[in-house]
Amino acid sequence: SQTIHQWPATLVQPVGSPLSLECTVEGTSNPNLYWYRQAAGRGLQLLFYSVGIGQISSEVPQNLSASRPQDRQFILSSKKLLLSDSGFYLCAWTGIAGGRETQYFGPGTRLLVL
Amino acid sequence: GENVEQHPSTLSVQEGDSAVIKCTYSDSASNYFPWYKQELGKRPQLIIDIRSNVGEKKDQRIAVTLNKTAKHFSLHITETQPEDSAVYFCAASSGYALNFGKGTSLLVTP
Chain R
1 SQTIHQWPAT LVQPVGSPLS LECTVEGTSN PNLYWYRQAA GRGLQLLFYS
51 VGIGQISSEV PQNLSASRPQ DRQFILSSKK LLLSDSGFYL CAWTGIAGGR
101 ETQYFGPGTR LLVL
Chain W
1001 GENVEQHPST LSVQEGDSAV IKCTYSDSAS NYFPWYKQEL GKRPQLIIDI
1051 RSNVGEKKDQ RIAVTLNKTA KHFSLHITET QPEDSAVYFC AASSGYALNF
1101 GKGTSLLVTP
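Residue numbers (our numbering), protein chains in the order written: chain R, 1 to 114; chain W, 1001 to 1110.
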């Protein structure tokens, strides 16, 4: 079966520090991968998505970037964190359920920027 | 791009009553409409979805209806239970990405 992993689970970082969040998927090949951010008590904001290695689409211009160095690995990065980067970061992938594609979320990373 | 509006933002019902959450979308090309449930501190979990070739889908106490002409879809939960309390998100998609509504916080009181 397919599983999706994210780490770290929680992270506290000072303003201006770099960031690297990792997401990996097991049990599938060439998945579509996504990064979302959820601010406290708010909705889900799509940040990036990728349909293949090295292919990244950015939905919201900001100080974050994403990379997909391997088929099942998706990384979210920042060179300098802002206070507003705090939130719950969710990786997601598109898989097959009932014979059709649907989207599943990873466990998430809680980021607090101080 | 796609714009998904979700109402209400909060909903409180008594156990056993029904709950209805409504969403509208703007992109007529959207053809996939999932609903997610997010419990406090956890990831969103897919609870039901519908595609544009059907008008209604039911799974036990949960049902979703879709009106493509009016560009709106709804989640119906019958015989609500306290464990149904969570934030519910609707979404719409015509391609790779899902566009989410802002969520509805549902509280089911015993």
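These aren't lab readings, by the way, just hints derived from the structure by calculation. Honestly, I wouldn't trust all of these hints.
[To be verified] EDC-like mimics (lysine to aspartate or glutamate), calculated; alpha carbons at most 20 angstroms apart, straight line:
id	chain 1	residue 1	chain 2	residue 2
1	W	1102	W	1005
2	W	1037	R	59
3	W	1068	W	1049
4	W	1042	R	59
5	W	1037	W	1027
6	W	1071	W	1039
7	W	1102	W	1079
8	W	1022	W	1059
9	W	1037	R	101
10	W	1058	R	101
11	W	1102	R	22
12	W	1057	R	101
13	W	1058	W	1084
14	R	80	R	26
15	W	1037	W	1015
16	W	1037	W	1079
17	W	1071	W	1015
18	W	1058	W	1027
Exercise. Honestly, which of those hints from before does the structure not fit?
Worked result: 2, 4, 5, 6, 7, 11, 14, 17 and 18
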